[in-house]
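Participant: The primary structure of each chain is shown beneath.
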Amino acid sequence: MIPLHWFLIVAAALFCIGLYGVLSRRNAVGILMGIELMLNAVNVNLVAFWRYLDPLESLGQVFVLFVLAVAAAEAAVGLALIIAIYRNRDTIIVEDIDLMKW
Amino acid sequence: MVLQAVFMLFSAMAVGAALAVVTNKNIFHSALFLVVALLGVAGLYVLLEAPFIAVVQVLIYVGAISTLILFAIMLTRRLMDASERQRNEQWFISAIVAVGLFIVLVLSVGQVHWPVVHTDVPENHLNRLGQDLMEHYVLPFEVTAVLLLAALVGAIVIARERTR
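From first to last, the protein sequence lines stand for chains A and H.
In this text, residue positions in the first sequence follow the numbering used here: the first is 1, and each later residue adds one.
In this text, residue positions in the second sequence follow the numbering used here: the first is 1001, and each later residue adds one.
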């Protein structure tokens, strides 16, 4: 059987790569893609913990389903916001969207 | 041994494609690499004996969310072609933070002793999952339904063209 550590390390790698994407991208869509990677890393962790620590209950998988639903909602609203900003300001480079920055 | 090899394959697919997602100059190619990364994660779910989650991952992430992202890129593409600079000035600090966090996570994962139980997943686990969703977790389930409806309405209202 595959050790639990391996899954946790892969999830940690995915999370850190997503974090780097969120912090370093200038394009708002790129930032959203980084967030999706981070949410996926969390889901891998949850399923791995369910499988190795508590396979008789279904709590781990239920949590993953809720995270998936929230991620879908987040992606839909986030991309709608990006399209609205692009229509008004003609840019989706986050450094140029500084209306509320003093 | 076969399992370990398959695990290596899927995790290399996920991590490699994720690296391509955050470093690729062309944002459209990044979105396509995101699809590969999400498929790799779906493979990891299969290895973890959670086939339902794997199918849901393919349906929602690969099917819906990446299509949405590709649409958003195509609608905003004019300004973001490959010649545009894609990294901001703080990318080097970000890389240090990400690598540092990864080292901390790997070290702490190695130190914890996880109480692993060696039982198989029950045969009718999917039935159990459905029943639990409708009994124990029915309130969060319904709240999620309301959240999805609110997100749907909100996305339409925000992205719609204002006509006077």
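Simulated from the structure, these hints should not be mistaken for lab results.
Owing to the predicted nature of the structure, the values given are computational and were not obtained by experimental measurement.
There could be a bad hint or two in this list.
Pulled from the structure, derived: some chain A residues nowhere near chain H, Cβ distances all over 12 angstroms [said to hold, decoys possible]: (1) L14; (2) R26; (3) M33; (4) W102.
To spell it out: a stretch of chain A is covered by chain H in this simulated footprint if at least three of its residues, at any positions, have a beta carbon under 8 angstroms from a beta carbon of chain H; those stretches are [to be verified]: (5) 52-66; (6) 77-91.
All residues carry an ideal CB built from backbone N, CA and C; glycine is no exception.
Participant: Against this structure, judge whether each hint is valid.
Facilitator: Now the hints, each set against the structure:
Taking the minimum C-beta to C-beta distance to chain H, about 6 angstroms, the non-interface status of A:L14 is violated against the 12 angstroms cut. Its beta-carbon lying about 5 angstroms from the closest one in chain H, A:R26 breaks the requirement of being farther than 12 angstroms from that chain. The non-interface label for A:M33 is inconsistent with chain H: the shortest C-beta to C-beta separation is roughly 5 angstroms, within 12 angstroms. Residue placement check: A:W102 keeps its beta carbon more than 12 angstroms from all beta carbons of chain H (closest about 20 angstroms).
Coverage of the segment 52-66 of chain A by chain H holds. Counting CB-CB distances below 8 angstroms, 12 residues qualify, and the rule asks for three or more. Chain H is given as covering the segment 77-91 of chain A, and this holds because 11 residues of the stretch bring a CB closer than 8 angstroms to a CB of that chain, at least three being needed.
When held up to the earlier numbered hints, the structure conflicts with 1, 2, 3 and fits the remainder.
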